[in-house]
Amino acid sequence: MIKKLISIVCLILLWQLLTETKWINPMFLAAPIDVIHKGYQLIRESDLFLDILHTLKRIFIGVLSAILLGVPFGLLIGFRKSAYTYFEGVLDFLRSIPPILVFPLALLTFGRGDASRIGVVFFGCSAILTFHTAQAASHVSEVRINSARILGAKGYQILYRIIFFDSLIDIMVGIRVALSMGIIISIVTEMLIGTKYGLGSRVLDAQISYDTPAIYFLVILVGILGMMINKSLQYIESKLIHWKDKI
Amino acid sequence: MSIEVNGIRKSIVSAKKTKELIFDNLSFQVRDSEVVGIYGPNGCGKTTLLNMIAGISKPDSGEIKVAGENPGVHTISYIFQEYKRSLYPWMTVRDNIAFPLIIMKLSKQEIAQRMEKIIDIVKLPFSLDKYPYELSGGQQQYVAILRGLISSPSAILMDEPFSAMDYSNTIWLAEKMNEIFQTIQIPVVMVAHNLDQLMMIAYRVWFMSEKPCTILEEKVLKSFAVSW
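Chains as they are written, first to last, in our numbering: chain A, 9 to 255; chain B, 188 to 415.
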């Protein structure tokens with residue numbers, strides 16, 4: 009922890025030094041103190057919390073919908089290996105499409121509201137989650153499945169009592185990847201078409217008004233939010249999947 | 188209740204993509220309360236034989252009967268070599284043992300009664316609230332055996348149950364197994380490629396040949412005074 013703090017403090021000191029010496033134009037690199045001041049101003053005088061709330065709302069609704077579809081579907085096709093061979097190519101193809109590319113299509117379909125942004129987050133994350141889950145489910149130990157079958161478990165019981173739990177470690181990895189993807193998609197779509205609230209549109213506003221400290225503050229804020237989401241997931245994972253690294 | 192194998196024939200496709208005959212007209216019988224050890228070279232088909240008795244795979248021809256029925260009709264307890272993979276690490280020891288009853292959708296009260304009954308007989312030396320990964324190898328395999336026994340199986344099949352264990356765990360588990368097999372009245376088949384391990388448990392040992400696998404010789408190790 010101390011080592012991590014030291015590296016962050018060193019980075020800030022180096023940043024301050026670079027801006028003090030004016031080696032880099034302040035238009036491109038704002039001083040840390042100006043960034044902190046700007047952050048304080050944004051928190052006090054603007055709707056920053058509403059921006060954060062709207063961005064998080066889009067991410068969570070999109071990712072949650074993707075989990076609700078991708079995990080059960082991935083488990084089903086991963087369990088039935090013959091089905092997985094049919095879907096593998098399609099999933100790999102969908103996973104390879106940059107989600108932002110379908111944003112214009114989402115705008116045409118759902119209009120300029122939140123639905124189009126959430127739709128793109130859902131599209132980008134569901135392919136990732138289905139793929140991760142199906143991969144995990146198709147690699148569940150045959151011994152574990154056979155032992156349950158011999159003990160009298162039916163197909164659906166094997167699916168939700170064995171395959172699901174045995175795949176949980178990889179499903180959580182998929183959720184973490186999907187959330188990172190969700191943050192990127194949500195913010196980029198906010199930047200593409202103006203929306204009243206959202207961190208992406210706030211960054212774009214700052215760029216249009218040449219407000220470099222605000223851009224830096226918002227970039228750091230998004231980084232902190234992403235890190236907090238990731239750490240929270242890691243914590244949940246360590247509590248939920250207690251057998252990880254122990255078998 | 189017994190295991191009867193009558194004239195089974197089984198071929199498999201080998202790694203070289205050629206068809207290999209592993210059993211040709213194999214017949215035997217394992218009676219109630221009898222522990223039979225099967226000893227043979229690696230790859231002779233011992234595990235395939237257990238899989239056929241368990242109903243995981245089928246013989247090409249011939250007949251297998253467990254307690255008078257085809258494999259898969261009656262519950263069979265199958266103890267795998269890889270005990271870590273056969274147990275469910277997300278469940279406590281209690282839930283692992285009760286798993287066959289949970290999937291049979293028995294009431295909580297009935298599950299508790301059956302658990303109490305089995306715990307009374309075996310006197311577990313560890314807490315039921317632990318997770319499998321908190322136990323030693325021998326204790327984990329013991330949990331797998333108890334899980335197989337709780338649903339009153341018609342037969343017990345054991346595939347190299349000691350192979351992933353150290354000596355002290357093997358001795359401890361062999362003692363526990365002997366205690367159990369003396370109290371239950373069902374046929375037990377144990378496969379191993381270590382004769383010492385078989386001799387600790389089995390009443391009779393069959394020495395198997397290379398493929399196609401046949402019983403070369405039988406050694407009676409214990410003259411068991413049971414009712415059959």
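Treat the hints with care, since some could be wrong.
DSS-like mimics (lysine-lysine), calculated; alpha carbons at most 27 Å apart, straight line [as the list claims (entries may be wrong)]:
{"hint": "1", "chain 1": "A", "residue 1": "K162", "chain 2": "B", "residue 2": "K203"}
{"hint": "2", "chain 1": "B", "residue 1": "K398", "chain 2": "A", "residue 2": "K247"}
{"hint": "3", "chain 1": "B", "residue 1": "K409", "chain 2": "B", "residue 2": "K252"}
{"hint": "4", "chain 1": "B", "residue 1": "K304", "chain 2": "B", "residue 2": "K317"}
{"hint": "5", "chain 1": "B", "residue 1": "K252", "chain 2": "A", "residue 2": "K247"}
{"hint": "6", "chain 1": "B", "residue 1": "K245", "chain 2": "B", "residue 2": "K304"}
{"hint": "7", "chain 1": "B", "residue 1": "K206", "chain 2": "A", "residue 2": "K162"}
{"hint": "8", "chain 1": "B", "residue 1": "K363", "chain 2": "B", "residue 2": "K409"}
{"hint": "9", "chain 1": "A", "residue 1": "K162", "chain 2": "B", "residue 2": "K245"}
{"hint": "10", "chain 1": "A", "residue 1": "K252", "chain 2": "B", "residue 2": "K317"}
I should point out that these hints are in silico values taken from the structure, not numbers from a laboratory.
Against the structure, the hints come out as follows:
1. A:K162 <-> B:K203: violated, 34 Å
2. B:K398 <-> A:K247: violated, 50 Å
3. B:K409 <-> B:K252: Since the Cα atoms of K409 (chain B) and K252 (chain B) sit roughly 25 Å apart, the hinted pair holds (cutoff 27 Å).
4. B:K304 <-> B:K317: holds, 19 Å
5. B:K252 <-> A:K247: violated, 46 Å
6. B:K245 <-> B:K304: At roughly 35 Å apart (the allowed maximum being 27 Å), K304 (chain B) and K245 (chain B) break the hint.
7. B:K206 <-> A:K162: violated, 32 Å
8. B:K363 <-> B:K409: holds, 17 Å
9. A:K162 <-> B:K245: holds, 19 Å
10. A:K252 <-> B:K317: holds, 15 Å
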